[in-house]
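*Asks:* Sequence:
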Amino acid sequence: MHAPAHEAMLQRIASEALATAGYTGRKGFSAPLMAALSRVPRHRFVPASQAAHAYINSALAIGHGQTISQPYIVALMTEVLDLEPDAVVLEIGTGSGYQTAVLAELAGYVYSIEVIPELATEAGERLTRLGYRNVEVRMGDGYGGWPEHAPYDAILVAAAVPEVPPALIEQLEPGGRLVLPLGAPQAGQTLTLIEKTAAGRAHRRPILPVAFVPFTRQRPGSSPREPQPGSRSEC
Numbered sequence: 006m007h008a009p010a011h012e013a014m015l016q017r018i019a020s021e022a023l024a025t026a027g028y029t030g031r032k033g034f035s036a037p038l039m040a041a042l043s044r045v046p047r048h049r050f051v052p053a054s055q056a057a058h059a060y061i062n063s064a065l066a067i068g069h070g071q072t073i074s075q076p077y078i079v080a081l082m083t084e085v086l087d088l089e090p091d092a093v094v095l096e097i098g099t100g101s102g103y104q105t106a107v108l109a110e111l112a113g114y115v116y117s118i119e120v121i122p123e124l125a126t127e128a129g130e131r132l133t134r135l136g137y138r139n140v141e142v143r144m145g146d147g148y149g150g151w152p153e154h155a156p157y158d159a160i161l162v163a164a165a166v167p168e169v170p171p172a173l174i175e176q177l178e179p180g181g182r183l184v185l186p187l188g189a190p191q192a193g194q195t196l197t198l199i200e201k202t203a204a205g206r207a208h209r210r211p212i213l214p215v216a217f218v219p220f221t222r223q224r225p226g227s228s229p230r231e232p233q234p235g236s237r238s239e240c
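Residue numbers (my numbering): 6 to 240.
None of these hints come from the bench; they were simulated from the model. Glycine included, each C-beta is placed from N, C-alpha and C at the ideal position. Worth double-checking, as some hints may not be accurate.
Stated by the list, open to error - Restraint ranges, calculated between C-beta atoms of paired labels, are given here:
{"id": "1", "residue 1": "Gly136", "residue 2": "Leu23", "range": "17 to 25 Å"}
{"id": "2", "residue 1": "Arg222", "residue 2": "Glu175", "range": "12 to 20 Å"}
{"id": "3", "residue 1": "Ala189", "residue 2": "Asp146", "range": "16 to 24 Å"}
{"id": "4", "residue 1": "Ala57", "residue 2": "Arg206", "range": "41 to 49 Å"}
{"id": "5", "residue 1": "Ala10", "residue 2": "Ala204", "range": "43 to 51 Å"}
{"id": "6", "residue 1": "Ala57", "residue 2": "Gln16", "range": "17 to 25 Å"}
Kindly generate the complete structure, drawing on both the sequences and the hints.
*Replies:* Right under this line is the structure:
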């Protein structure tokens, strides 16, 4: 039922990639990424009330004041990480798990942190149902990263921060990449790529003006739940 809309979404992503090439330097996205996007059923990552709009190229509300990102932005953030099949990735801001699933289609393993307990639990269960076995979701404050599994080949932050959390730079493998929206929530933000050199220096490169929900810190008095394992399949 969703196949025509899904295909149309992929075409819109390709068109927008071409339209924004002046910013990003990329006229299109890689075949593996586009194949991954074709396999992930976005309608399974939005509330039932939003299912009819799941393949529109726009952000959608998922509850708790959060959104599932625009498909083009999901594609762009994933693409600039240049993931290898054995890459270990840290994601900050699981949300409904859609970006997590796209990362899991391309990487070896994805560790994802979500600060809102309800979203963390729902995303972990959803990813398990969809068969993603190379994903682990934890409820917690992502500002400090997830040091137990560092270093990471790539890190993706799906919420706006005014400055790069220092712990994320520390947990990034030399030669690794970090992508995040930088800027105050009330003002414009810039999607930014940070590359860590072999010597440990971090180089920033602006990519595209964006608008993300603000980074949320852990609620006072709350504590992380046990990790929610996911499983992997071709969806």
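*Asks:* Per the hint of 17 to 25 Å, is the separation of the Cβ atoms of Gly136 and Leu23 within bounds?
*Replies:* violated, 33 Å
*Asks:* Between the beta carbons of Ala10 and Ala204, is the distance compatible with 43 to 51 Å?
*Replies:* holds, 47 Å
*Asks:* Can you tell me whether the CB distance of Arg222 to Glu175 sits inside 12 to 20 Å?
*Replies:* holds, 18 Å
*Asks:* Take the C-beta atom of Ala57 and the C-beta atom of Arg206, compute their distance, and say whether it sits inside 41 to 49 Å.
*Replies:* With Cβ atoms ~48 Å apart, the hint holds.
*Asks:* For Ala189 and Asp146, compare the CB-CB distance with the range 16 to 24 Å and indicate the outcome.
*Replies:* holds, 20 Å
*Asks:* Given the range 17 to 25 Å, decide if the beta-carbon distance of Ala57 to Gln16 lies inside it.
*Replies:* holds, 19 Å
Checked against the numbered hints given earlier, this structure breaks only hint 1.
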